[in-house]
Amino acid sequence: MELEQRRSGQEPPEADQRAPEPAVVDPVAADGPAEDPSAGSSEESLADPPPPTQPPTPPPTPPPPQPSSEPSSGPPADGPAKPRRGPGRNLPIAIGVGLALGALVLLAVYLVKWIFVVVIAVFLAIAVRELSLALRGRGIRVPLVPVAAGGLAMLIVSYTSGPSGLLVAFGLTVILVLVWRMPAGARHYVQDAMAGVFTAVYVPFLAGFAVLLLASDDGADRVITFLAVTVSSDIGGFFAGAFLGRHKMAPAISPKKTWEGLAGSVLTCMLIGALLLPLLLDGHVWQGVVLGAAVVCSATLGDLIESMIKRDLGIKDMGSLLPEHGGVMDRVDSLLVTAPVVWLALQSFLPNS
3 MELEQRRSGQ
13 EPPEADQRAP
23 EPAVVDPVAA
33 DGPAEDPSAG
43 SSEESLADPP
53 PPTQPPTPPP
63 TPPPPQPSSE
73 PSSGPPADGP
83 AKPRRGPGRN
93 LPIAIGVGLA
103 LGALVLLAVY
113 LVKWIFVVVI
123 AVFLAIAVRE
133 LSLALRGRGI
143 RVPLVPVAAG
153 GLAMLIVSYT
163 SGPSGLLVAF
173 GLTVILVLVW
183 RMPAGARHYV
193 QDAMAGVFTA
203 VYVPFLAGFA
213 VLLLASDDGA
223 DRVITFLAVT
233 VSSDIGGFFA
243 GAFLGRHKMA
253 PAISPKKTWE
263 GLAGSVLTCM
273 LIGALLLPLL
283 LDGHVWQGVV
293 LGAAVVCSAT
303 LGDLIESMIK
313 RDLGIKDMGS
323 LLPEHGGVMD
333 RVDSLLVTAP
343 VVWLALQSFL
353 PNS
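Okay, so the sequence shown: first residue is 3 according to this note's numbering, each after it adds one.
Any given hint could be a false lead.
[As the list claims (entries may be wrong)] Pair by pair, the computed Cβ-Cβ distance ranges are: (1) 349 to 316: 38 to 44 Å; (2) 317 to 177: 29 to 35 Å; (3) 109 to 257: 33 to 39 Å.
[Claimed, not checked] For lysine-lysine, the following DSSO-like pairs were computed, each having C-alpha atoms within a straight-line distance of at most 27 Å: (4) 318 to 250; (5) 312 to 258; (6) 258 to 318; (7) 312 to 250.
None of these hints come from the bench; they were simulated from the model.
Bear in mind the structure is a predicted one, so any value in this text is a computation, not a measurement.
Beta carbons: idealized from backbone N, C-alpha and C, even for Gly.
Work out the full structure, taking the sequences as your base and the hints as a guide.
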């Protein structure tokens with residue numbers, strides 16, 4: 003039969019099946035339930051070590067004491083003192099530098115007029131360099147050579163040829179700046195060229211009006227009137243704002259300027275104008291008052307313009323040449339914007355013969 007099944011392709015059933023293995027009985031389980039773990043056996047202590055002890059949690063830090071809403075009976079002994087009003091800089095040094103500059107201008111104006119032109123040229127060269135370095139910090143490169151050369155030409159022809167010479171020299175300077183920048187390539191051409199034109203307008207062109215004042219027959223007195231009224235605006239505004247200033251005038255542009263400082267500028271400008279115009283130029287008191295009012299507007303705008311430039315460039319001062327004053331540009335900002343205003347006003351009140 004087995005042979006037949008093999009031939010038919012079927013496997014014969016195994017005759018002897020393996021007997022099932024006997025189950026292993028745990029002697030510990032057979033003896034009964036496990037011992038009480040509190041008794042503790044050596045095997046259990048070796049198999050299950052006790053968990054590691056963790057360091058005690060530090061107590062929570064108490065919150066800082068909240069300020070009391072009730073007014074205190076007196077000022078705190080160790081509390082911060084309130085900031086005192088004051089000028090905020092070394093006044094003796096600032097005054098000394100200002101007096102030295104004033105003496106230099108007086109000597110240059112009343113000795114030889116051309117010396118004053120040279121003094122202006124030197125200061126403007128420093129101012130142009132300060133402005134170009136400040137712009138370079140933003141990746142803007144001013145073509146210094148054409149701006150400096152054209153600026154010097156503007157000062158010279160302002161003295162020799164008057165307003166028409168100033169305009170012609172300025173036009174030629176613009177052309178020279180545009181051509182000078184061309185070999186450097188098209189990349190940033192508009193940016194650099196316009197920065198050069200801006201520098202030429204802002205510094206030497208506006209300063210040319212101060213030279214136009216000097217070119218008059220009574221040019222020395224006109225220049226002194228221009229400088230005295232403009233500087234008095236800065237001085238009056240500085241002291242009034244430092245000691246009385248409470249209301250900000252343009253905090254987004256110049257945080258230190260206050261309306262009280264502007265009032266001090268108005269008073270000092272009008273007073274100095276009313277004194278100097280009759281005294282030096284044979285003008286009328288009312289003309290001096292009007293001149294002072296115009297100078298207040300232009301000088302304040304000059305300060306705000308430079309403050310806006312410095313805020314845009316992310317700098318505090320244009321330079322550090324003058325102690326407690328900053329750079330040269332920080333001193334001539336109001337003078338530059340005021341020069342054409344004073345020239346126009348004096349030409350209207352006291353036309354040069």
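Here's how the hints hold up against the structure:
no.	hint	verdict
1	349 to 316: 38 to 44 Å	holds, 39 Å
2	317 to 177: 29 to 35 Å	holds, 31 Å
3	109 to 257: 33 to 39 Å	holds, 37 Å
4	318 to 250	holds, 19 Å
5	312 to 258	holds, 14 Å
6	258 to 318	holds, 12 Å
7	312 to 250	holds, 19 Å
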